[in-house]
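**Q** Each chain, written out:
Number of protein chains: 2
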Amino acid sequence: MTSPMPARIGDPLSRVQTPALIVDLDALDANIGAMAAHVRGTGQVLRPHAKTHKSVEVARRQLAAGAVGLCCQKVSEGEALLPSGVRDLLISNHVVGAGKAQRLCALAREVRTTTLCSDTRHARVLSDAARSAGVQLEILIEIDAGDARMGLPDGDTTGLLQIAQMVQDAPGLRLRGLQVYNGPFQHIRSHEERTSAAVLAANRAKAASQLLQDAGLSCEVISGGGTGSFTADVEAGVLTELQPGSYVFMDADYGRNLDASGAQVSAFRQSLFVQTTVIRTASAGVVYLDAGVKSLNLDSGMPLVKGRPDLGFTKASDEQGRIEASPAGPAPELGEVLMLVPSHCDPTVNQHDWIVAVRNEEVEAVWPVDGRGCLL
Amino acid sequence: MTSPMPARIGDPLSRVQTPALIVDLDALDANIGAMAAHVRGTGQVLRPHAKTHKSVEVARRQLAAGAVGLCCQKVSEGEALLPSGVRDLLISNHVVGAGKAQRLCALAREVRTTTLCSDTRHARVLSDAARSAGVQLEILIEIDAGDARMGLPDGDTTGLLQIAQMVQDAPGLRLRGLQVYNGPFQHIRSHEERTSAAVLAANRAKAASQLLQDAGLSCEVISGGGTGSFTADVEAGVLTELQPGSYVFMDADYGRNLDASGAQVSAFRQSLFVQTTVIRTASAGVVYLDAGVKSLNLDSGMPLVKGRPDLGFTKASDEQGRIEASPAGPAPELGEVLMLVPSHCDPTVNQHDWIVAVRNEEVEAVWPVDGRGCLL
Chain A
1 MTSPMPARIG DPLSRVQTPA LIVDLDALDA NIGAMAAHVR GTGQVLRPHA
51 KTHKSVEVAR RQLAAGAVGL CCQKVSEGEA LLPSGVRDLL ISNHVVGAGK
101 AQRLCALARE VRTTTLCSDT RHARVLSDAA RSAGVQLEIL IEIDAGDARM
151 GLPDGDTTGL LQIAQMVQDA PGLRLRGLQV YNGPFQHIRS HEERTSAAVL
201 AANRAKAASQ LLQDAGLSCE VISGGGTGSF TADVEAGVLT ELQPGSYVFM
251 DADYGRNLDA SGAQVSAFRQ SLFVQTTVIR TASAGVVYLD AGVKSLNLDS
301 GMPLVKGRPD LGFTKASDEQ GRIEASPAGP APELGEVLML VPSHCDPTVN
351 QHDWIVAVRN EEVEAVWPVD GRGCLL
Chain B
1 MTSPMPARIG DPLSRVQTPA LIVDLDALDA NIGAMAAHVR GTGQVLRPHA
51 KTHKSVEVAR RQLAAGAVGL CCQKVSEGEA LLPSGVRDLL ISNHVVGAGK
101 AQRLCALARE VRTTTLCSDT RHARVLSDAA RSAGVQLEIL IEIDAGDARM
151 GLPDGDTTGL LQIAQMVQDA PGLRLRGLQV YNGPFQHIRS HEERTSAAVL
201 AANRAKAASQ LLQDAGLSCE VISGGGTGSF TADVEAGVLT ELQPGSYVFM
251 DADYGRNLDA SGAQVSAFRQ SLFVQTTVIR TASAGVVYLD AGVKSLNLDS
301 GMPLVKGRPD LGFTKASDEQ GRIEASPAGP APELGEVLML VPSHCDPTVN
351 QHDWIVAVRN EEVEAVWPVD GRGCLL
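Going line by line, the protein sequences match chains A and B. Each residue of the first sequence is one higher than the one before, counting from 1 in the UniProt record's numbering. Each residue of the second sequence is one higher than the one before, counting from 1 in the UniProt record's numbering.
Note that these hints are calculated values from the structure, not bench results. You may find that some hints are simply not true.
You can't tell identical chains apart in this list, so a pair holds if it fits in one copy or across any two.
[To be verified] SDA-like, lysine to any residue: derived pairs with alpha carbons at most 20 Å apart: (1) Lys315 <-> Ser300; (2) Lys315 <-> Ala148; (3) Lys206 <-> Gly307; (4) Lys315 <-> Thr42; (5) Lys315 <-> Gly43.
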């Protein structure tokens with residue numbers, strides 16, 4: 001039931017069948033190295049988020065560069081990435097339901113497994129599952145990092161102490177610390193505001209950690225941070241481990257984040273593309289591509305066309321995309337191949353079964369997206 | 001690399017692991033029967049679009065109900081659906097590039113294969129590929145059905161005659177007729193305006209067909225129409241075959257189409273759902289689900305919650321969805337299972353590896369989404 005591979009090793013990039021997900025290996029390697037170097041020697045550790053790539057091969061490179069383990073968003077994603085050799089997984093999500101808890105415990109038999117909890121009823125289900133499976137689940141209590149989404153509300157000290165005490169005491173569970181992650185903050189454009197948001201999250205985590213420690217409760221780990229906030233996360237020095245995901249690939253949306261000087265943040269290179277072909281020339285300056293919403297994801301806007309600022313991707317149906325040339329530039333020809341920069345890397349990768357790994361315009365490898373569609 | 005199945009045969013619906021794609025078999029069977037009955041005896045034939053379901057099992061049911069063949073949007077989708085026993089495929093798209101043309105010709109060795117063309121350069125590539133593969137490709141010339149998208153512009157009689165003549169004369173190609181399909185028209189809410197749009201497309205097709213016949217060119221097939229326009233398509237009596245796809249599943253967007261009396265069109269039942277679990281109760285009236293943009297598709301708006309008009313799906317991240325209860329109703333509990341009605345069926349199905357087929361609240365089968373991720 002796996003779809004056909006779009007390329008073979010040794011193919012020139014121009015002969016890859018489209019639409020196809022392309023990763024530039026030089027850029028990927030540079031990104032993995034740059035993040036590892038930034039965190040090295042800070043006393044913090046790197047636990048990259050694998051929800052971005054869902055790929056054993058990318059995970060291997062992150063682990064080889066010193067990552068302490070991986071984050072996954074789903075238990076089955078973690079299962080799919082075991083061949084990377086990962087020994088320490090954080091399922092950075094709330095794994096709810098008896099069936100899911102069993103699945104989580106089966107994973108905990110293979111590798112050290114940590115997950116999130118912020119509800120005593122949930123803790124009870126996890127404890128029951130762990131006890132009857134004879135495993136230990138490690139727990140981070142999630143606190144609200146400022147987006148009022150998944151964590152315990154700021155200031156709910158009673159709730160925090162109650163759930164932490166319960167986890168610490170519950171058979172089969174081990175209290176390990178705190179999770180403090182804010183997705184929307186990662187995409188704040190202004191450096192100053194993004195930094196303030198990261199500092200807010202860090203301050204909340206610091207206060208919560210102090211509260212736990214004062215009550216004699218464990219807090220050896222504070223996990224969070226991301227590709228948008230990583231410099232501020234390191235500077236604030238509160239997180240013990242960082243969870244960035246998108247830095248390996250980058251996307252058009254992250255490309256709009258600005259540094260302190262107001263320029264585009266340049267720590268990482270765009271390594272991810274969707275290669276596509278012009279399948280129809282329409283009216284003057286308008287052409288259609290063979291890539292639409294089944295090979296891209298448009299929830300963070302439209303993709304960009306690499307090296308062609310004169311071309312706008314203006315619309316998509318399921319299998320087709322519309323390109324409009326600005327009057328000055330010539331429209332691409334029938335059969336011409338374009339490289340799109342996805343607007344949002346994670347859900348775009350999840351549309352594809354294969355990553356075509358390219359170096360110097362030649363296919364070096366074709367990797368499965370091992371965790372694609374792993375929703376459980 | 002296939003993700004784990006969310007259910008086993010015999011499981012009660014409530015025990016299916018989430019998020020999971022659910023199909024209500026009674027509704028599915030009723031929809032397949034209703035469309036077949038509507039077209040039967042009209043002199044037109046039904047060629048359902050398989051891009052909606054990408055499923056061998058659904059295709060088998062459509063063929064058993066009298067479908068003459070299937071439409072696919074990609075060559076690899078057609079390959080994936082061959083086990084359905086289909087003998088007649090229309091790749092209702094422009095298959096561009098030498099590699100893709102070879103793939104198309106390999107398919108034509110297996111089954112009768114028709115595809116679209118509206119460009120003489122494209123026709124040349126197809127002809128070359130067919131000749132060197134020793135197969136015959138059947139061709140529909142695509143004409144603009146009113147949305148100025150993929151087809152030859154209305155009134156371009158010179159262009160139409162030129163490409164049709166070339167296809168008729170080209171070795172390896174056989175001119176079969178016309179394709180006239182307008183996607184956006186299917187979603188016009190008003191019955192009257194939707195009917196007018198279908199009549200416009202039919203009139204254009206009729207004129208083009210006459211032009212071909214007057215020039216001694218073949219036009220035995222006029223293919224088009226969809227789930228939004230099917231009654232008008234049948235009434236207009238110009239199309240020789242209908243290509244509806246979404247009618248098997250339906251979605252929240254099609255649910256907003258109105259009939260002549262201004263009521264919701266009721267020819268088909270909602271058979272497709274995404275089952276999801278509440279993984280976190282947040283502030284009053286707000287909960288989070290385990291389904292986000294990696295298990296849904298939001299390009300046609302937000303999903304609805306089945307049987308719970310008091311609950312709004314207001315926001316989604318990659319793996320989570322936000323539900324807000326109206327003040328009157330109680331919010332769902334942690335662990336509670338909800339059924340979402342997807343806003344757009346085709347790209348939602350394409351996120352999933354498995355269809356959980358349910359009858360009377362019990363899992364009757366788990367079908368692979370055979371053509372999932374088939375982008376080539």
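**Q** Each hint needs a verdict: does it hold in this structure or not?
**A** Verification of the supplied hints:
1. Both within a single protomer and between protomers do Lys315 and Ser300 lie at most 20 Å apart by alpha-carbon distance, with minima of 13 Å and 13 Å respectively.
2. In this homomeric assembly, Lys315 and Ala148 come within 20 Å of each other (Cα to Cα) only across copies, at 13 Å, whereas the closest approach inside a single copy is 33 Å.
3. When the C-alpha separation of Lys206 and Gly307 is checked against a cutoff of 20 Å, the pair qualifies neither within a copy, at 44 Å, nor between copies, at 43 Å.
4. When the C-alpha separation of Lys315 and Thr42 is checked against a cutoff of 20 Å, the pair qualifies neither within a copy, at 45 Å, nor between copies, at 36 Å.
5. For the homomeric pair Lys315 and Gly43, neither the shortest alpha-carbon distance inside one copy (46 Å) nor that between copies (36 Å) is at most 20 Å.
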